[in-house]
Amino acid sequence: MIWQALMLQGGYNSVLVSLGAALLGAAAGAAGAFLTLRRRALMSDAMAHATLPGIGLAFLAMVSLGGDGRFLPGLMLGAALTAGAGLWAVQRLARQMHEDAATGAVLASFYGAGIVILTLIQGLGTGRPAGLESVLLGSTAGMLRADALVIGFGGLAVSLALWALRRPLAMVAFDPLHASMMGVNPRRMDAALMALVLAVVLVGLNVTGLILIVALLVTPAVTARMWSTTVTGTATLSALIGAACGYVGAAISASVPDLPTGPVIVLLAAGVFALTLLIRGHRDG
Amino acid sequence: MQAGGDAGHRCALQVQGLTLRYNDVLALDGATARFPTGSMTAIIGPNGAGKSTFLKSVLGLVEAEGAVSAFGGPVAQAMPRIAYVPQRAAVDWSFPVRVIDVVLMGCYRKTGLLGRIDRRMTAHAMAALARVGMQDFARRQIGALSGGQQQRVFLARALAQGADLFLLDEPFAGVDAATESAIISVLKSLRDGGATIIAVHHDLTTVAAYFDRVVLMNRRTLAEGPVAETFTRDALAQAYGPALMLDPTGSSAV
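Heads up: the protein sequence lines correspond to chains A and B, in order. The first sequence begins at 1 in full-length UniProt numbering and counts up by one. The second sequence begins at 1 in full-length UniProt numbering and counts up by one.
Everything labelled a hint here was simulated from the structure, so no lab data went into it. Note that this is a predicted model, so its numbers are computed, not measured. Incorrect hints may have been included.
[As the list claims (entries may be wrong)] Per the computed footprint, the stretches of chain A lying under chain B, defined by three or more beta-carbons under 8 Å from a beta-carbon of chain B, are:
1) 158 to 168
2) 172 to 178
3) 181 to 192
4) 231 to 243
[Said to hold, decoys possible] Just a sample of chain B residues kept apart from chain A, beta carbon distances all over 10 Å, derived:
5) 59
6) 96
7) 133
8) 146
9) 193
10) 209
11) 210
12) 229
13) 237
14) 241
[Stated by the list, open to error] Cβ pair distances, simulated, as ranges:
15) 113(B) <-> 191(A): 14 to 24 Å
16) 66(A) <-> 109(B): 48 to 58 Å
17) 191(A) <-> 120(B): 56 to 66 Å
18) 191(A) <-> 109(B): 16 to 26 Å
19) 135(B) <-> 163(A): 44 to 54 Å
20) 77(B) <-> 274(A): 50 to 60 Å
21) 22(B) <-> 115(A): 41 to 51 Å
22) 281(A) <-> 176(B): 30 to 40 Å
23) 92(B) <-> 187(A): 13 to 23 Å
24) 119(B) <-> 163(A): 39 to 49 Å
25) 274(A) <-> 177(B): 16 to 26 Å
Backbone N, C-alpha and C fix where the C-beta goes; we use that ideal spot for every residue, glycine too.
Hey, can you work out the whole structure from these sequences and the hints?
Put into structure tokens, the structure is as follows:
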């Protein structure tokens, strides 16, 4: 069953889902490479957890308007709004405390609010909220074709944008003062990177889920970093690792009943990282 | 902004009343200095005198009060003509970047859309590396070099920018003798070509040999002018305090 899924024999829909997950993995790997070089990895975790209240509120809004509460673009819009609010909160709080403390406070608060809203939705018994939990840990089983296309093209768009911006992004990560002297605005590049990471988080909601997306952003990146001596090389290899993990993980998850997709993908990425540590771990830098 | 009057156009850089306060501490207290075009100036002063902060404030990388003009206009406008070499300690040496990539970052204004690099640009970067004697290290990881080699790569990045005003923050700190003489000969040839050099400098024994002007500062500028007139025992005592033991002015006055 797993073998069939891997070999593109699992039916048109599951092939589409696996390819979508591969493109998402590539986008996450590439974005994660720039994110970790800029030392903003945990910021993405806060952003991902801050999507949850937005997802709940978007579900409520769509149901109260008489629509399908699980309409993916609607959920993504709600997620984007509260994730943006979370990002703004981290940056605002970081003026008064260290950024790691601000990140932790925002992550927990927004996630707590999201869980409360989700629990309320289940109590209401409106619609079929059962599918909503899949945004936590990801579930590609029974995913719609339209959703798979959104994920695939979203991942592709993010990867292309990162490729186009790779040089100014690398300059800002390496030496922001010099970058600004060369006419590259570090604040604008950081905002662009955060927007692309947010896109990865949104596109990944149904694949890895919001809890584990940080692992798909960070693990392939640190793995690739141990093999490459350039930024472009690191980002490219990281994208390839992410794509492979996304593809295989989605295929495995689709063929084993009730197995959430996120943990499978993340375990695969951790496996590649562990293997890399064994081979390259003795080298420094 | 007319402080320099007719001298304005002959000054690569003019700084008037630069003041910066960190919380309760005055890092810069009305620092004022002029740097004539084609001169090579050492900024000297005790630790914590605000020398690095002075350079960063001049460039607008740190926001300070005061008036700064470069080549008779605002610094932001003159930025393509200015190169800055940071202190070695300010760089992340574990970053995955090769020597040639660092130098190519200095070409960003000349490259195509979003930094697209062609063969001509790579040749330009290689020529900059050759000027500091690092052409054989182009494909090395930056972290695998010695301190002196790293410093030369950053000078090559500044050269690749094609600037004619160079600001260097302690370019000789922690480098070997070969690098020190390589850097100083490049800087002198730049100056002889009409460029203006400003370096934060620590080693008082080499001031007279390397530089033609000196700015003495301790949060404010205490003295400025040609080395022969300004680099005196009295001025040094005023900047560093009377505890300064050796007399570097005497040993290298020739």
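Next on the checklist: If you test the structure against every hint from before, which numbers come out violated?
Outcome noted: 5, 6, 17, 19, 24, 25
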